[in-house]
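A.B. asks: Protein chains in written order, with numbering that gives the first Met the number 0: chain H, 0 to 317; chain U, 0 to 317; chain X, 0 to 317; chain B, 0 to 317; chain P, 0 to 317; chain A, 0 to 317.
Accuracy of the hints is not assured; some may be wrong.
[Claimed, not checked] Computed, partial: chain P to chain A, Cβ under 8 Å: (1) 48; (2) 53; (3) 214; (4) 215.
[Claimed, not checked] Over the 12 Å line for every Cβ pair with chain A, so calculated as not near, a few chain B residues: (5) 12; (6) 135; (7) 142; (8) 193; (9) 212; (10) 249; (11) 274; (12) 297.
In short, the hints are calculated from the structure, not lab data.
If you're wondering where the values come from, they're calculated on a predicted model, not measured in any experiment.
Virtual Cβ for every residue (Gly too), placed ideally from N, Cα, C.
Read off the chains here:
Number of protein chains: 6
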Amino acid sequence: MTDFTDSQAVSRLSSGPRTFFRLPYRPVGELTAEDRVDAVIMGVPIDGATGYRSGARFGPEAVRAASTLARFGSRERRLVINEVLSVVDGGDVHVVPGYHMRTLELIERGVDAVHTVGALPILVGGDHSLAIAELRAAARHHGPLSLVQLDAHRDVLDDYFGVKHFHGTVYRRAVEEGLIDPATSIQIGMRGSVPKEDLAEDDLGFTMITSDEAVALGCTELAGLVADRVGGTPIALTFDIDFVDPAYAPGTGTPEVGGPSSAFALRLLRELDLRNIRTVSLVEISPPYDTADITAHLGVAVIFEILAMVAASRSAHA
Amino acid sequence: MTDFTDSQAVSRLSSGPRTFFRLPYRPVGELTAEDRVDAVIMGVPIDGATGYRSGARFGPEAVRAASTLARFGSRERRLVINEVLSVVDGGDVHVVPGYHMRTLELIERGVDAVHTVGALPILVGGDHSLAIAELRAAARHHGPLSLVQLDAHRDVLDDYFGVKHFHGTVYRRAVEEGLIDPATSIQIGMRGSVPKEDLAEDDLGFTMITSDEAVALGCTELAGLVADRVGGTPIALTFDIDFVDPAYAPGTGTPEVGGPSSAFALRLLRELDLRNIRTVSLVEISPPYDTADITAHLGVAVIFEILAMVAASRSAHA
Amino acid sequence: MTDFTDSQAVSRLSSGPRTFFRLPYRPVGELTAEDRVDAVIMGVPIDGATGYRSGARFGPEAVRAASTLARFGSRERRLVINEVLSVVDGGDVHVVPGYHMRTLELIERGVDAVHTVGALPILVGGDHSLAIAELRAAARHHGPLSLVQLDAHRDVLDDYFGVKHFHGTVYRRAVEEGLIDPATSIQIGMRGSVPKEDLAEDDLGFTMITSDEAVALGCTELAGLVADRVGGTPIALTFDIDFVDPAYAPGTGTPEVGGPSSAFALRLLRELDLRNIRTVSLVEISPPYDTADITAHLGVAVIFEILAMVAASRSAHA
Amino acid sequence: MTDFTDSQAVSRLSSGPRTFFRLPYRPVGELTAEDRVDAVIMGVPIDGATGYRSGARFGPEAVRAASTLARFGSRERRLVINEVLSVVDGGDVHVVPGYHMRTLELIERGVDAVHTVGALPILVGGDHSLAIAELRAAARHHGPLSLVQLDAHRDVLDDYFGVKHFHGTVYRRAVEEGLIDPATSIQIGMRGSVPKEDLAEDDLGFTMITSDEAVALGCTELAGLVADRVGGTPIALTFDIDFVDPAYAPGTGTPEVGGPSSAFALRLLRELDLRNIRTVSLVEISPPYDTADITAHLGVAVIFEILAMVAASRSAHA
Amino acid sequence: MTDFTDSQAVSRLSSGPRTFFRLPYRPVGELTAEDRVDAVIMGVPIDGATGYRSGARFGPEAVRAASTLARFGSRERRLVINEVLSVVDGGDVHVVPGYHMRTLELIERGVDAVHTVGALPILVGGDHSLAIAELRAAARHHGPLSLVQLDAHRDVLDDYFGVKHFHGTVYRRAVEEGLIDPATSIQIGMRGSVPKEDLAEDDLGFTMITSDEAVALGCTELAGLVADRVGGTPIALTFDIDFVDPAYAPGTGTPEVGGPSSAFALRLLRELDLRNIRTVSLVEISPPYDTADITAHLGVAVIFEILAMVAASRSAHA
Amino acid sequence: MTDFTDSQAVSRLSSGPRTFFRLPYRPVGELTAEDRVDAVIMGVPIDGATGYRSGARFGPEAVRAASTLARFGSRERRLVINEVLSVVDGGDVHVVPGYHMRTLELIERGVDAVHTVGALPILVGGDHSLAIAELRAAARHHGPLSLVQLDAHRDVLDDYFGVKHFHGTVYRRAVEEGLIDPATSIQIGMRGSVPKEDLAEDDLGFTMITSDEAVALGCTELAGLVADRVGGTPIALTFDIDFVDPAYAPGTGTPEVGGPSSAFALRLLRELDLRNIRTVSLVEISPPYDTADITAHLGVAVIFEILAMVAASRSAHA
């Protein structure tokens, strides 16, 4: 494994092929438990099951490219991530554009391999429809999970154009399949115009916090609320980049104006301490709509904060 | 009238020709009172009378395209707009590029037709110079109006390059013609460097709240202030997209940095209850300068919130 | 039907909702034989079954927008299209993103409706995978067709990622299903690096002319060659926008450098006289990658030349 | 006058405020005959009287910025322009956006000042509607001119939206006012779809060469044809940037696909020897639609070739 | 000196060559004390010594272009800048791309000329590596300075790729050379992932306020803190445009997400009263990554607020 | 070494970290003769020594990303490259931005390592200033070389801003150092305005063919001319992407309009048979100015054609 992590000695410009955070490249299919890897960042280059803008298939590429600028030290957590965690770039899962069911199987297989070696999968989408595959793999290894969803949309529609699996239906499916437990889950950041059925009472049992409510609460209180909600259960953390306002993340498929800032989102991640995190996804970065790569750079910062959170949790319990 | 509003059954991608919010298309010239239309969204594709960037002539097209993503349910107002209001796309008014006076006549005629059938005109510009035509039509039907202006600039210069009608002079002209009453009007969001004469006392009698003052007050207090100011008078609401910071609305003609966020602007609209609203304009969206259509999507959200406000007012008084 | 075709009197800016060429909007589902429509331009907003860049789902929207600039008179054919032909905008066919098989059924149904009323369907994609549905509908009404394909790629792979229906496999499938006859078909414009199997002899029997060969032949000789090849058979004409160099059509999914110019492509279309044309498709315009809409404008010119060819043929035989 | 022309000693990056070709800045209002200036490049920042895309008002700025890359030596003409000619940047003429008639007066006054000091005006637009003002000034000093027009459109419509002065009507007006003589004029590069009236015989008497015809003739023969046509008359040369294909000039208002290349256009200019050239305009560069400033750089090359032609003519007759 | 400051009478579009704020152009090499100039805005077109994105070499050009939109009146300071101060555009300093040491000498020479005539230099970069040259010149005339740095990064690395002078090492070098006094200096706005050595205690003695801390403090308290820190010492104010979030300033070399808004930055500048300001730099605006010029417009507003601060200080002490 | 070359089985989207052509990644420092590698594609991420636009530092990244679309079969050469040649991605050489002399040493060291293992280096820049380092390494192993340069500019200036090593001086330096022999070298594609000294007779002895001359000759004759010129000498082939017109390669530092098409350039490469090729460079791709990555895709095609030429030469002599 070539190691690019000695970032000071090597110019960012000279990184060669761009891996996530200039980390060693270890395709998930070749990982073994002996590798003692703590976390695997992997790409899921899909955008077929989306109702508006496509382009998220190039999300993994854009995040890899932007991540050459990142370092591993966190001022707030007071740690250096790669001194605490062993993290690798697991490559991209295979996909079959236009064949969503087949693609879901391939994603699930890739994620399963990560759980099998005891590592935390961090999926970089791709659109949000990957979540059902992600959760099937996670639940097989860890049982039903609590969902912590930062997102402008709930993604709990029943169907869409007559089909059941879509980026807007994924968490209803996950509940139906018993992969997540709404009673210990929380959805944060919702806003915008909605179809009529979304005005009815939620029949699934999620806690839902709108974008305006989240900002009014502030990061500290919101983080406390999340901690209370999930308790000691295993956690699936998902960050849809459209959680933030499109001013901060123009490169996304279904932009929803009126959202919080990047600063708010990152501060919230720094306040969270989700010790039992079992699976992570960062979704809906659509590079063709990005400007100056700012959405990709935000994606990098989101992964950085999540890695720092995991590292802090490891340090605290070592 | 073809109806696209059954949005769940029809893919947003398959909307065919893009009307505002996938609403039925009814050219204003063909509207009659029997249509019982409550509001007419219409385009005003002009950008001639602008001192800096042009491009706003494509504002109506961009807003129509972006609006295919919108739905009609409002979480905050707890209503579905098209269950309360009958809204149509009234097409675009005719314009003669380079001939501002002639264009103002054509705009006025188009808006007049909407008032004649008792509907609320919602003009999608186009640059702000359309307002004098908008207000002439409105005042003919409703008498002098109170102006509620969300804008980075006051637009009350006396002349510009030696001419009287321009996007920066429009509200001085409106006062001179008796179309709006400054004593019951309010201008919100002003900021940036100004010509010397703007430092003198306002000779027109408007209440003016700068951008910084607005944010310091907060949406609730600001909405109260607006309500106090306008009282029970008929209202002209105008939203210049440069009210928000160019980070949120890069696609505009005279960007003014240092403004509020989209979230602030939309929250303010949700706090307003302008029962006597008689004419609405959304102006200065300039698509050639937009990125990832975020300005157009903000424009859609602004119209959505205004429609929801009107719908709520109707519901409350039904 | 509102008629925008009196283009001189109405500003292009004031066209209202953008239909193809400002033509009347008649959804294909509502067409009847009594409408006596000669040609129907319809959108197919898909991009799922593509192996590289997506975005073609917005092709129909971009072509509609750009077509407001077009007129109907052809200097070379010496006719005014809408004096000879009755053409309408048929709207967009319904699609289910991520579900290619289901989408193909919906496309076929839409195209079938056009053949049923005796009109020529002109499909505006969307990616090239739509062709199998297009040809199934056409062959049902007209029997096996001769393919005239202007394209940088042959699209005759056997499978791709283990599936059979994809934008790169579509004409092999069409041959297998008996929808087109390779012996009377011709593929023009191929270039670029190819997989190994493409170096073997063609097992399907197509005539294939590379991009360099086409330019060396010149438009007149090439048009003669096409005429000889297709004879009096019914014809399916397909124009993949990547036929031209990406300098002329940057907005496409699989750009192939080294191609001919727009001038060459349009000149070729003007030289063709495909009297028995039965179905037309214009595919792979991907607006997120377009610059200054030049790809969309080229798409408009391609449709214009095809309409002029059909009109000339009608005139000649009237 | 600060002189930037010693280009080798000063970095292009350090040019300070960008003048045309880093030439001295001499506002036209301050020029006197004692300055012995041969040519004045001046900006005309207008785009009001255009029927489709605006943005050309920033043409002068973009051409100034791009021209910092240019040098003064011509390989083909074997001369160094600023050793033969004294050229200055004359600044921009004043304009009143939205008031076309008033703006035409201001342009005419600016151009007149250049003729008065015996220099050649080179107008950098701005849209083509400036030409009527340009020609009024030129004809006052030089009598009726022969027009050499490189352009995708003839610009001889009778009216447009009911008005007479527009970028598409300008040369019909010029003929009516006796400013140009069609019998010694030539229009080159026309193409694209046209309104019905353009299919009729030309009633004005221009020689018109389509884009395809021009390319078929080749530059040398075409240049001979122009020379024959204009003979020894005074000449107005106008270069509409849409003469070339939008692949080469995406930054323009009414892009017309299917045109010649930049190489063809520049080669043609190098073949021309228009000794009696009296006024020059370069129009329709619209920077908001430009990509990587290639249209602006083409504009610079066009002016360079025209200056070189004028310099060669001076050298030959010195 | 041509004076463009009478902005009302002259259209912004007709400004001719773009100087900073349409001010008179006076190359620094030609300035004399008799000119009685108070401040000189000058460009430093460099980007060589940067570790990630280049492009800042075009920063001066972009700021000049955007500044045509600015006026001179400040509502908050209640003054008109050019009634109090005499300001000129000093042109660009010479640079030698690829030769950083030589370039630093040239910059220092240019800045020195401004101090020599008793004026305040306002450097518009270019990347931050210019600061060592700026400070050498300033310290020669004013002795060691207090640094007020608004920036996402501290720029105090020891070396980078084995060299000592780089945009990330500049303030460590300045301390080593005795140009600035850390004990009276303050760094504000830091955030993002950092190399390990940045987690250690600061060995230089700067006060450092992170971005989150700054926002939590608020502008008024922060301004007080700055005032306390610098006391009556001579001040070097530097504004790295990446101080704000990339949503507000996408056009920059090392974007750091999670920063404050433009409104926050400008409000902070309006709260500052740095009477003894002796040198100013605005750096890291990289136009190739800008969108709709919003970063350039922010740069203009930053200079405007700094000029207003200086003018207010002069007024108060006049 | 992970091998991505089985391209049919693996989706292009799922390539994981992007290597050149999905080839195995072997950093040049780790290569040994036992690897029996035939060619090494390596990145040189520099742009400091450029006089106009920067950004070429991201050239290697962009070419890697675009190359995922490429295959290895050549229709014209009738071979599959990776069946004939063993090619790897050698990573990027180290660079020190702003320190050109130091950077040249690092480049030379990297290239030397490739020659040492007997492989052909293919450098992907970065700006053209890399050539002096490239040629020093090549000449050490192969003696003086014949230069085949496809470029819009000769790059033989004597100095620039007072320094000797720059992207515009590189081939004069190479002659002076005896690295290339002008008598057997050829420069093709020159055009545009030039400084005065370029009009004098060439003092170096190169054969120079302008862009217009090259197109007039045609590819076949031109290839013959090159073959005659270089004879049996060792060859350095360099392709500056600005050889083609900026319509085809907008993403470059010093765009020169009026150039040939991509088709011409690729056809020329296919006609060449440079058996003794010893070093290759592809330079001046500047991604920040690219549109839709078309310049990067052209870069990929150029490398493809060169690899095919080398493969054909090997096949012929095996």
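A.B. asks: Tell me the numbers of any earlier hints that the structure contravenes, in ascending order.
C.D. replies: 3, 4, 5, 10, 12
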